[in-house]
Amino acid sequence: MHKTPLLDQLESGPWPSFITDLKRVAGRKKAAADLLGVLERSYKDKITHWKHGGIVGVLGYGSGIIGRYIDIPDEFPGVEHFHTVRVNQPSGWFYTTAALRELCDIWDKHGSSILNVHGSTGDMIFLGTTTDQLEPCFAALTAKGWDLGGSGSAMRTPSCCVGQARCEWACYDTMDLCYQTTQNFQFEMHRPSFPYKFKVKCSGCPNDCVAAIARADMSVIGVWKDDIRIDQAAVKAYAGGEIKPAGGGTIYKKLDIKADVTDLCPTICMSYEGGKLSIDNKNCNHCMHCINMMPQALRIGTETGATLLLGSHAPILEGAQMSWVIVPFMAMEAPYDEFTELIGNIHEWWSENGKNRERTGELMLRLGMRAFFEGVGLPPVPQTIRTPRANPFFFWHAEDFEAEAAGRKYIK
Amino acid sequence: MALPKAELVEFIFDMVAKAQGKKQLKAMDIQKAVLKAHPDQPKNDVKFAIKDLIDGSRCVYTYFGGSFIEIPHEEGAAKH
Chain A
1 MHKTPLLDQL ESGPWPSFIT DLKRVAGRKK AAADLLGVLE RSYKDKITHW
51 KHGGIVGVLG YGSGIIGRYI DIPDEFPGVE HFHTVRVNQP SGWFYTTAAL
101 RELCDIWDKH GSSILNVHGS TGDMIFLGTT TDQLEPCFAA LTAKGWDLGG
151 SGSAMRTPSC CVGQARCEWA CYDTMDLCYQ TTQNFQFEMH RPSFPYKFKV
201 KCSGCPNDCV AAIARADMSV IGVWKDDIRI DQAAVKAYAG GEIKPAGGGT
251 IYKKLDIKAD VTDLCPTICM SYEGGKLSID NKNCNHCMHC INMMPQALRI
301 GTETGATLLL GSHAPILEGA QMSWVIVPFM AMEAPYDEFT ELIGNIHEWW
351 SENGKNRERT GELMLRLGMR AFFEGVGLPP VPQTIRTPRA NPFFFWHAED
401 FEAEAAGRKY IK
Chain B
1001 MALPKAELVE FIFDMVAKAQ GKKQLKAMDI QKAVLKAHPD QPKNDVKFAI
1051 KDLIDGSRCV YTYFGGSFIE IPHEEGAAKH
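For the protein sequence lines, the chains are A and B, in the order given. Going by the numbering used here, the first residue of the first sequence is number 1, and it counts up by one from there. Going by the numbering used here, the first residue of the second sequence is number 1001, and it counts up by one from there.
With the rest of the complex left out, here is chain A (with noise of 0.2 Å):
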């Protein structure tokens, strides 16, 4: 064992530390116990001796395994290579026991033993493991039914919220999105042919558990058309205190329905005079802050489907971009034909058009919503305005000339 006199202060507060359970590892792993070594190597050099790899990877596949090496494999032999699988995990993270005792073996048997649970694209990451243990491990993981995730310019493992297998507010079945999203873009995730790299993420409502509208190139909101539903008899007993707020998940033991429903409604389509409330459901914008305050007396509208929203990244020399929205209102019924012909649609826009590592967000910017909607075929419609037209100038195409005179009427 390397001495860390370093990392051993990381033991030392007041949380779990990674350092101890990599030192318990180590004592069975040399992998564990060299990574132990070239860390504290690097917080006194104070620089990383890590190297990317560009070339591993198993027969068949360019996605799934990132290829890691360190510049001193004299002293840390252990982690002369040190490459990572991603492995696709199950639709909403659901795994039985059997499962991760499963995966533990393999790891156990063919790497360093250290995974990380999970990756922010999703995936079960295995941490660490040489170029030789590649395929076999990639051979004992197919066998049991499992398969790589996406990496590299490929689109990549679509992830999900646990949707309607334990969320009332699940507008869609995320978890089947999720699961024939992942069918049905095999050939994409696992052979990269995209200027860079896209992810799908399914929220089903829009509290948005997996961040879709900040991390996914294509975020998939659960929304409703109709109305919320109101049990008036249950928002008077949160009046009254007789049930807790937000399922108890505040100090509050009483609500105040208008201090702290109402009056902090973004759109003031609510009102609530004489013990009743009532909702204006058209200036409604579904951000969800009334029903996660009173989930027993609202609920979701029965008109239930999804917004599309499209673009966000988050590169490290431009800043965050968020989603946009592509398209108000899909319903999300399987076998969900017409979501799966528009990413295509968008896949192949994004090909096309996109230089070296510009994502879709970035090439929707770079020439213009008008271009996006003309390429992948959409409508253009109120919603997808991000913001009124600041510049007075507007350049006609010859089409729009052909379809005045043709009569084009701009409202139907």
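Keep in mind that the hints were calculated from the coordinates and are not lab data. On a predicted model such as this, the values are computed, not experimentally measured, just so you know. In this text, a Cβ means the ideal position worked out from N, Cα and C, and glycines have one as well. Treat the hints with caution; some may be incorrect.
Computed spacing ranges between beta-carbons, pair by pair [said to hold, decoys possible]: (1) B/Lys1032 x A/Ala98: 41 to 49 Å; (2) B/Lys1005 x A/Asp132: 42 to 50 Å; (3) A/Asp45 x B/Arg1058: 38 to 46 Å; (4) A/Ala371 x B/Gly1076: 52 to 60 Å; (5) B/Lys1032 x A/Asp132: 33 to 41 Å; (6) A/Phe394 x B/Lys1032: 54 to 62 Å; (7) B/Lys1032 x A/Ser271: 56 to 64 Å; (8) B/Lys1022 x A/Gly249: 35 to 43 Å.
The calculated lysine-lysine pairs, modelled on BS3-like cross-linking and capped at a C-alpha distance of 25 Å, are [as the list claims (entries may be wrong)]: (9) A/Lys276 x A/Lys225; (10) A/Lys23 x A/Lys51; (11) A/Lys355 x B/Lys1026; (12) B/Lys1026 x A/Lys51; (13) A/Lys282 x A/Lys254; (14) A/Lys355 x B/Lys1018; (15) A/Lys355 x B/Lys1043; (16) B/Lys1032 x B/Lys1047; (17) A/Lys236 x A/Lys254; (18) A/Lys44 x A/Lys29; (19) A/Lys30 x A/Lys46; (20) A/Lys23 x A/Lys44; (21) A/Lys144 x A/Lys225; (22) B/Lys1036 x B/Lys1018; (23) A/Lys30 x A/Lys51; (24) A/Lys355 x B/Lys1047; (25) B/Lys1036 x A/Lys355; (26) B/Lys1043 x B/Lys1018; (27) A/Lys44 x A/Lys3; (28) B/Lys1022 x A/Lys51; (29) B/Lys1023 x A/Lys51; (30) B/Lys1051 x A/Lys355; (31) A/Lys282 x A/Lys258; (32) B/Lys1036 x B/Lys1026; (33) A/Lys355 x B/Lys1005; (34) B/Lys1032 x A/Lys355; (35) A/Lys29 x A/Lys51; (36) B/Lys1022 x B/Lys1047; (37) B/Lys1022 x A/Lys355; (38) B/Lys1032 x B/Lys1051.
Could you slot chain B onto chain A? The hints should help.
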């Protein structure tokens, strides 16, 4: 005129081999080059021709800030 599958595979392999060490080609670069030379070639043919080359180990996917298709070569980062 569209190339038969076997010829398309060789056409792409030659393109990748000629570019080796000079320019890293992405799948889309290959597709655009094929369609420029053979405008009536279906895009799907290109996709599956690349698959043939990868599955046969004649080409590999590489990652250097983006994913490329190259002739197999020694991993630079693995050198001491």
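Cross-check of the supplied hints:
1. B/Lys1032 x A/Ala98: 41 to 49 Å: holds (48 Å)
2. B/Lys1005 x A/Asp132: 42 to 50 Å: violated (34 Å)
3. A/Asp45 x B/Arg1058: 38 to 46 Å: Taking Cβ atoms as reference, A/Asp45 and B/Arg1058 lie about 41 Å apart, which means the hint holds.
4. A/Ala371 x B/Gly1076: 52 to 60 Å: violated (39 Å)
5. B/Lys1032 x A/Asp132: 33 to 41 Å: holds (37 Å)
6. A/Phe394 x B/Lys1032: 54 to 62 Å: Violated, at about 32 Å.
7. B/Lys1032 x A/Ser271: 56 to 64 Å: Holds, since B/Lys1032 and A/Ser271 (Cβ atoms, about 59 Å apart) stay within the stated range.
8. B/Lys1022 x A/Gly249: 35 to 43 Å: Violated, at about 60 Å.
9. A/Lys276 x A/Lys225: With Cα atoms ~23 Å apart, A/Lys276 and A/Lys225 stay inside 25 Å; holds.
10. A/Lys23 x A/Lys51: Between A/Lys23 and A/Lys51 the Cα gap is close to 23 Å, so the pair holds against 25 Å.
11. A/Lys355 x B/Lys1026: holds (11 Å)
12. B/Lys1026 x A/Lys51: holds (23 Å)
13. A/Lys282 x A/Lys254: Judged against 25 Å, a Cα distance of about 29 Å means the pair is violated.
14. A/Lys355 x B/Lys1018: Within the cut-off at roughly 22 Å; holds.
15. A/Lys355 x B/Lys1043: Between A/Lys355 and B/Lys1043 the Cα gap is close to 19 Å, so the pair holds against 25 Å.
16. B/Lys1032 x B/Lys1047: holds (12 Å)
17. A/Lys236 x A/Lys254: OK: A/Lys236 and A/Lys254 at ~11 Å, within 25 Å.
18. A/Lys44 x A/Lys29: Answer holds: A/Lys44 to A/Lys29 is near 23 Å, not above 25 Å.
19. A/Lys30 x A/Lys46: holds (24 Å)
20. A/Lys23 x A/Lys44: Holds, because 19 Å separates the two Cα atoms, which is no more than 25 Å.
21. A/Lys144 x A/Lys225: violated (42 Å)
22. B/Lys1036 x B/Lys1018: holds (17 Å)
23. A/Lys30 x A/Lys51: It holds: about 19 Å lies between the C-alpha atoms, which stays within 25 Å.
24. A/Lys355 x B/Lys1047: OK: A/Lys355 and B/Lys1047 at ~19 Å, within 25 Å.
25. B/Lys1036 x A/Lys355: holds (18 Å)
26. B/Lys1043 x B/Lys1018: At roughly 22 Å apart (the allowed maximum being 25 Å), B/Lys1018 and B/Lys1043 satisfy the hint.
27. A/Lys44 x A/Lys3: holds (12 Å)
28. B/Lys1022 x A/Lys51: holds (23 Å)
29. B/Lys1023 x A/Lys51: Satisfied, since the Cα-Cα distance of roughly 22 Å is no more than 25 Å.
30. B/Lys1051 x A/Lys355: holds (23 Å)
31. A/Lys282 x A/Lys258: Holds - the C-alpha atoms of A/Lys258 and A/Lys282 are around 20 Å apart, at most 25 Å.
32. B/Lys1036 x B/Lys1026: holds (15 Å)
33. A/Lys355 x B/Lys1005: violated (28 Å)
34. B/Lys1032 x A/Lys355: Status holds; Cα separation ~13 Å.
35. A/Lys29 x A/Lys51: holds (21 Å)
36. B/Lys1022 x B/Lys1047: holds (23 Å)
37. B/Lys1022 x A/Lys355: holds (19 Å)
38. B/Lys1032 x B/Lys1051: holds (16 Å)
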